[in-house]
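Trainee: Below are the chains, spelled out letter by letter.
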Amino acid sequence: MTEEPYRWLEAIANRREYVGEQLKSGSPVLAASLPDGVILLGVGSGQSKVFELYDRHALAGLGHPADIEKIRQAAIDAAHIEAFTRAPEDVSLRRLVGFGLSPQLKTNFEQIFSAPFLVELLLAELGPEPAQDLFFRLHYDGSFQTQLGGAVLAASQPEPEAAGQKWLKEALQGKTNRGEAAEILLQAWWCVSENKPLTDQIPPEAERKAGWREAAKGKVIEIGWLARQNARAARYQAQTISDLGL
Amino acid sequence: MSHSTPIAGDFLSLLAEHQLASARVDSASGSVVQTQATTVFAFHFAGGVLMAGDRRATAGNVIVTDRVEKIIEIDSTSLLAVAGVPATAFEMARVLQTSFEYYRRSQLQPLSLPARVRALARLLRDNLPMTMQGIGIVVPLFAGVDHAASPPKPQIYFYDPLGAQFQAVGYAASGSGSGTIRSILSFQERYGQPLPSRMNLPEAVRFASRLLSTASEFDSATGGVNPATDTFATIKVLKADGVDTITEEQQKEILRG
Numbered sequence: 001m002t003e004e005p006y007r008w009l010e011a012i013a014n015r016r017e018y019v020g021e022q023l024k025s026g027s028p029v030l031a032a033s034l035p036d037g038v039i040l041l042g043v044g045s046g047q048s049k050v051f052e053l054y055d056r057h058a059l060a061g062l063g064h065p066a067d068i069e070k071i072r073q074a075a076i077d078a079a080h081i082e083a084f085t086r087a088p089e090d091v092s093l094r095r096l097v098g099f100g101l102s103p104q105l106k107t108n109f110e111q112i113f114s115a116p117f118l119v120e121l122l123l124a125e126l127g128p129e130p131a132q133d134l135f136f137r138l139h140y141d142g143s144f145q146t147q148l149g150g151a152v153l154a155a156s157q158p159e160p161e162a163a164g165q166k167w168l169k170e171a172l173q174g175k176t177n178r179g180e181a182a183e184i185l186l187q188a189w190w191c192v193s194e195n196k197p198l199t200d201q202i203p204p205e206a207e208r209k210a211g212w213r214e215a216a217k218g219k220v221i222e223i224g225w226l227a228r229q230n231a232r233a234a235r236y237q238a239q240t241i242s243d244l245g246l
Numbered sequence: 001m002s003h004s005t006p007i008a009g010d011f012l013s014l015l016a017e018h019q020l021a022s023a024r025v026d027s028a029s030g031s032v033v034q035t036q037a038t039t040v041f042a043f044h045f046a047g048g049v050l051m052a053g054d055r056r057a058t059a060g061n062v063i064v065t066d067r068v069e070k071i072i073e074i075d076s077t078s079l080l081a082v083a084g085v086p087a088t089a090f091e092m093a094r095v096l097q098t099s100f101e102y103y104r105r106s107q108l109q110p111l112s113l114p115a116r117v118r119a120l121a122r123l124l125r126d127n128l129p130m131t132m133q134g135i136g137i138v139v140p141l142f143a144g145v146d147h148a149a150s151p152p153k154p155q156i157y158f159y160d161p162l163g164a165q166f167q168a169v170g171y172a173a174s175g176s177g178s179g180t181i182r183s184i185l186s187f188q189e190r191y192g193q194p195l196p197s198r199m200n201l202p203e204a205v206r207f208a209s210r211l212l213s214t215a216s217e218f219d220s221a222t223g224g225v226n227p228a229t230d231t232f233a234t235i236k237v238l239k240a241d242g243v244d245t246i247t248e249e250q251q252k253e254i255l256r257g
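Chains as they are written, first to last, in our numbering: chain A, 1 to 246; chain B, 1 to 257.
Wrong hints could be hidden among the right ones.
Stated by the list, open to error - With a Cα cut of at most 20 Å, we get these calculated SDA-like pairs of lysine to any residue:
1. A:K175 <-> A:E194
2. B:K239 <-> B:P151
3. A:K70 <-> B:Q107
4. B:K239 <-> A:K24
5. A:K70 <-> B:E17
6. A:K70 <-> B:S13
7. A:K70 <-> B:A8
8. A:K70 <-> B:H18
9. B:K153 <-> B:L195
10. A:K24 <-> A:E194
11. B:K239 <-> A:N230
12. B:K239 <-> A:A231
13. B:K239 <-> A:A233
14. A:K70 <-> B:L108
15. B:K153 <-> B:V117
16. A:K217 <-> A:S242
17. A:K70 <-> B:Q109
18. A:K70 <-> B:I7
19. A:K70 <-> B:D10
To be verified - Part of the chain B face toward chain A, derived, beta carbon under 8 Å:
20. H18
21. L20
22. S76
23. T98
24. R105
25. Y191
Simulated from the structure, these hints should not be mistaken for lab results.
Think of the CB as a built atom: it goes at the ideal place given N, C-alpha and C, for glycine as much as any other residue.
The following block holds chain A by itself, in its conformation from the complex (with noise of 0.2 Å):
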C-alpha cells in the first residue's frame, strides 16, 4: 500500500481524522506566566493532566492517559540526563521539545502501521521574568508553536483554542493574583469545554463562575505552580483551588 504515494497521503489523512475525532472530547489544559510564577491548569479524573518535569519545566496534556504518560516519561529521562551530564541549568524547553519530543512525535505519527499518540501538549519553563517564561504547544503528530509570556491553552479544536487563548490574553491583562488568575484558566475552560463562545457574545461573567464550578463537580482540579522566587531548585508545587482561596 505505502509504495504508491497517494496511499501514504491518504493514510496519513485518516489518522488525522482518527486522532481528532479520539481526541474531540479531551478536557483543555491551560497555562499562564505571571508576576510570581507560571500556572498550569486541568480538569479530569487525577494525576492525569498537569505533572512537574524538571527544576523550572511542567508539562499539561490531554488526550488518553497512556500517551501523556509515555511522553511525559521520555520528557523526565532526557531531562534528567542532560542534567546529570551536563548541569541543571542546561536543560532548556527548546532542546527538550526540538530536538527530542517533537521529531519522536512526527516519526511516530508517520509510522502508519503503529498507532499514533493521541495527546495535545503544553510545557512550560519558568523564566527569571515573566517575560521569559516560555511555552510549548506541542501537537500529535510533533508541530509546535512558541511563545514568551502570556497565556497558553490547548484543546483539541483549534478554532476554540484560538479564542480562548485571545480571550484569556485580554482577561489575564495586569492580573498577579495566582488566586485570579486561575478562576479566569476555569473560566476559559469552561467556556472551551461547553462550546460556549470566547468572543463578543460570551457569557456574562456570574454564569462563567457558576458554570465552571458546576462542570468541575465529581473532578479533578490539577493545578501546578512553578514559583519564580524559592530557594530550593525545584520550582514546582501541586496545588488545589483551595489552597488559593477559589
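Here the structure of chain A is known, so what remains is to put chain B in place on it, guided by the hints.
Mentor: Same frame as chain A, but now just chain B:
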C-alpha cells in the same frame, strides 16, 4: 519514547541504558596525594537534626581550601555529610540528588527513607575497588525524614567505607576530627546540661561551633570556627517539613549572643 528503565524510576538503570554510567575506576596504581575533607557530624536536637561540618580540605599536610561545603542538601527531606575524598563524595551527592528527584518526578511519589539509605550504601559498595586500594574512600553521614513515623521524624545514619549502614540513636560523626567530636557528644549526652536532644536552635548551633573549634585544636585537618576571622562551619538543619541552612550571618549572630 516508549522505553522504560529496567527498574522503574531508577536513575542508575537509566544511565546504564544510555551507556552513561558515572566514571568508575576498578584499579589504580601508584600513589597520589589525595584531597581529603573532614570533619562532619550530626545530632538530634529539639528542632530536628543538626548536621555540621568544617570547611577545610587537605592533601597531605597541605591545606587545599577552607571553603568546602561538606553538608549537602540532597533534596527537601535529606542531607548528606561527606568525609573523605571530595572527588568521589561530591559525585555520590550528585548521583543521589538526581536519583531521588528522578524517582519522585517519574513515579509521582517520594522515595522511602529505607530506599534512600540503601541508595547511598549501593554507591559506597560500587566504590569498593577504590576503597580497597585506599584511594577515593568516602565515609558519609546521612540524615533523612522518616515519613512512615507518626509524626514524621528526621533520622541519622552512618556508614562504613564498604557500605554497611547503621542508624544513630543520638549522634554520629565522621572524618579525622570525629574522635574528639564523638567524645564530647558522648559526654554531653550523659552528663551535659542541656542534653543535645533538648537544645533549642541557638544552643545547638553554638554547641556545634564549639565542637568544631575543639576538634580543630587536636586535628590539623579540621578547620575551626573563628568569628574574628569570619571562619564559620556549614550548618544545616533537617526538620520534618524541610531543610534550613544556618547562614554565616546567622551563626555570627548566635555566637555573638
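Trainee: Any CB of chain A closer than 8 Å to the CB of B:H18?
Mentor: This interface hint holds because 6 Å falls under the 8 Å limit.
Trainee: Please check whether B:S76 passes as an interface residue: C-beta within 8 Å of a C-beta belonging to chain A.
Mentor: B:S76 check passes; min Cβ-Cβ to chain A is 6 Å, inside 8 Å.
Trainee: Within 20 Å, alpha carbon to alpha carbon, are A:K70 and B:H18?
Mentor: Roughly 18 Å separates the two Cα atoms, so the pair holds.
Trainee: Quickly compare the C-alpha distance for A:K70 and B:Q107 to 20 Å and report which way the hint goes.
Mentor: Between A:K70 and B:Q107 the Cα gap is close to 12 Å, so the pair holds against 20 Å.
Trainee: Run the distance test for B:K239 versus B:P151: straight-line Cα separation, threshold 20 Å.
Mentor: With Cα atoms ~11 Å apart, B:K239 and B:P151 stay inside 20 Å; holds.
Trainee: If you draw a straight line from the CA of A:K217 to the CA of A:S242, is it 20 Å or shorter?
Mentor: 14 Å, holds
Trainee: Compare the distance between the alpha carbons of B:K239 and A:A233 with 20 Å, and conclude whether the hinted pair is satisfied.
Mentor: 18 Å, holds
Trainee: Are the Cα atoms of A:K70 and B:E17 separated by 20 Å or less?
Mentor: 17 Å, holds
Trainee: CA of A:K70 to CA of B:L108, is that 20 Å or under?
Mentor: Answer holds: A:K70 to B:L108 is near 14 Å, not above 20 Å.
Trainee: Going straight from one Cα to the other, do B:K239 and A:N230 come out at no more than 20 Å?
Mentor: Holds. B:K239 to A:N230 sits at ~18 Å (cutoff 20 Å).
Trainee: Tell me if the interface restraint on B:L20 is satisfied: Cβ within less than 8 Å of some Cβ in chain A.
Mentor: 6 Å, holds
Trainee: Taking 20 Å as the top limit, are the C-alpha atoms of A:K70 and B:D10 close enough?
Mentor: 16 Å, holds
Violated hints, in rising order: 1, 4 and 25; the structure is consistent with all others.
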